[in-house]
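Student: Put chain B on the given structure of chain A with help from the hints.
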Amino acid sequence: MSRLTIRQRQVVWAYIFLLVPMTFFILIRIIPTLSAFNISLHDWNPLAAEQTFVGLENYRQLWEDLLNPRSVTHKAFVNTFKYVLIGMPIQLVTALAIALLLNEITRMSTLFRAIFFIPFVTSTVAIAWVWRWLYQPQYGFFNVMLSFFGLPQQPFLKSPNQALYSITAVVVWQGLGFAIIIFLAGLKQVPETFYEAAKIDGANRWQSFWRITLPLLNTTLVYLAVLQTISFLRMFDYVINMTTQGDGGPLASTTTVTLRVYREAFSSFDMGYASALTVALFGIILVITIVQLKFLSRDY
Amino acid sequence: MHSFSKKMFVVVSLFLLGGLLVACGGTQEAAAPEVVEVTRVVEAEPEVVEVTRIVEGESVVEQVEVTREVEVVVPADSEVTTIEYWQYFFDPRVDAMNRLIQQFEAENPDVRVIHNSDVPYADYRDKIAASAPAGVGPDVATLFYGWVPAWVDAGYLIPLPQDEFPPEMIAEQFSPMVQNSQFEGEYWALPTAVRTLALFWNKDLFAEAGLDPESPPTNLDELAEMAQALTQYDDAGNIVVEGFPVGVPGQAHHWFREVLVRQFGGQPYSDDNRTVMYNSPEGCEAFKYMLAFETEYNTGSNDLFEDATQAFLQGKSALHIDGSFRVGTIAKSAPDLNYGVVELPIGNDVQSTFGSYWTHGITRKAAEDPAVLDASIRFLKFITTPEAGTTWVNKVGELPAQLEAAANEDLLADPILGPFAAGLPYAHATFFVDESAQRQFIVDAYDSVRLAGADPCEALDEAAALEQELLDEFWANHN
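Chains as they are written, first to last, in our numbering: chain A, 1 to 300; chain B, 1 to 479.
Just so you know, the hints here were simulated from the structure itself, not pulled from any lab data.
One or more of the hints may lead you astray.
Label pairs and their in silico Cβ distance ranges [what the hints assert, rightly or not]:
| hint | chain 1 | residue 1 | chain 2 | residue 2 | range |
| --- | --- | --- | --- | --- | --- |
| 1 | A | Gly283 | B | Asp204 | 55 to 63 Å |
| 2 | A | Ile6 | B | Asp369 | 55 to 63 Å |
| 3 | B | Ala371 | A | Tyr15 | 49 to 57 Å |
| 4 | B | Ala465 | A | Trp210 | 32 to 40 Å |
| 5 | A | Gly202 | B | Ala452 | 53 to 61 Å |
| 6 | A | Gln10 | B | Ala371 | 54 to 62 Å |
| 7 | A | Leu66 | B | Asn238 | 39 to 47 Å |
| 8 | B | Pro120 | A | Arg234 | 20 to 28 Å |
| 9 | A | Ile105 | B | Glu306 | 40 to 48 Å |
| 10 | A | Pro89 | B | Asp221 | 53 to 61 Å |
The structure presented is a predicted model; accordingly, all values stated were derived computationally and were not measured.
Don't be surprised by glycine CBs; every beta carbon is placed ideally from N, CA and C.
With the rest of the complex left out, here is chain A (with noise of 0.2 Å):
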């Protein structure tokens, strides 16, 4: 120990303090995703003393689920699919257009700022009930406006056609204010410099933004794209919360692979399936991340 430099010495001491949070990911992350693959080879039951080895059964099932258009498990893939090629591609264009008008304007900007930030550091539970009531048919909010302006009344969340968009809609309003903040954050590092030499080699607002602010902003957009893809391959908590009794409907039509994992779980105690969907749901993020990380982050 005597011998050590300073500098191994520091190392050691970081490794140390590092131990605490590792053990503490270990236990509550690490384990626990290793027994789900572990379960999704059994027939598992929470309730049984003994759990049954089946092998791949879990995943036979769940592929057959998949080919079935019927089955909900299919329909839950499907619409998480559509949460994510709708919501991510508007939340990203939202808050970044929101991003360059703040990045323009000195004053109120902290306030403006912080109207954006309120909805995402409020629960979620609570956000999700409010619009329910807003999205209610005959009198809730947006019903009595569209009537006020002598506009047909819609069933937004009451409609297999319309829930799915009405539950995006919350979930973009509410994930605007941290893609804003990022964005702000990445405006910042572009040297004002680039933009002045821009101007006086003749380039308008608009070039200036396709060749300089988008190339520059490109980590950023990576990082959001990549994290804003994963929250909502997650969605879980808008849809238990939005939907009657929390079933994903009418018709299936807003469920997720999540909230299927939960009921397959806890309503229907089949844990070997509910781990086999969460095995899934894990190598498709997985590959969509590598993916996003490889064909979206470019060097300029």
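Tutor: Then chain B, alone, in the frame of chain A:
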């Protein structure tokens, strides 16, 4: 440098010690000796006190029952066995069970019952599922009768010992629907109370619509006529007061299966519970009858005013099908509601209702320790007596499970509980293998007609096919 390695040593040893403590935590708990208590804190007989509450800006004096804790001396040499009872949180049920536990402990000073009711209804099964693998949880647990097969399959419940709970005694003394707790030739659970469905009507809204507030509908035709007469619309055609919203995810899916299908001449399931039969032509007629309220007569929808139950509580709907347990909810959250209860409308001379119950079973965990098992058996016996049923009906509004207490004249004459009790002899309880999944099939069939324009008979066929798949899977594992 020397002091550095000393520090290092201390830190590493602390880590090791911490790890050791974590590792030993479980075994230490298990090895703890049984506590012999000398004084125990129990709840005294409740007293009635006056409490002033502010309700909508006005102060209201209410009489409230309070229970104080008192210390009771127990002989020091007595071994006290502690058992755990679990149920979900529902105020009246918790009160009623607290009272029963207090009476039981007074009669059985050697048993202490821990009452865990801090579980929201929606999370009840989650908590049970989380507790079982950890080897903790209830010794006696409440469960919906429809969960019995699944819990038995998992080996979570033990069969009720036949010498303590003779099957003949159960068949003779308990409401016939309790037979559904029998599975694979054994009884696995016994209820304190049972429930049936009946029709609630709002007398004020009847008067507003020019109908006799004391003459609720008695048959299916009257129900359809009155529902339309009772519905009020605004100028834009929006429903202001619902005549009759059909709450399929609530209780109406039961009404369809066990009442309407039978009234239209069909049968919901085969006698051996293995085959779905509600998608017969008769069943489809029943389904169309139920759908017509929303799709043709426009008398309301479960989508309005949060849901059908909330609409009735808020005085926004005139007719509502619900169980006797709702009486307690109304007393608590809508005490001023001027309502009546009547037996479910007759259809084609057939009278039927859906019967169901929360029942109590003894778990595998209790059976591991003879003393706990013995205490659990005594406790289960105590909470399923006719007297316990009477305590329960007074607090919760559920009917006593024992026929002796259910046939009580005062109960039958009660204007609110009477119609529910009258339904007991003709009540049917569905044999469920996965209650929430089976409910969802009916909900989806109903929604696909009203929201996606599907053909009613085809939607019902789809539901039946999915449910049959579920039943086949279940029965494949049983003889």
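Student: Name the hints, by number, that the structure is in violation of.
Tutor: Failing hint: just 4.
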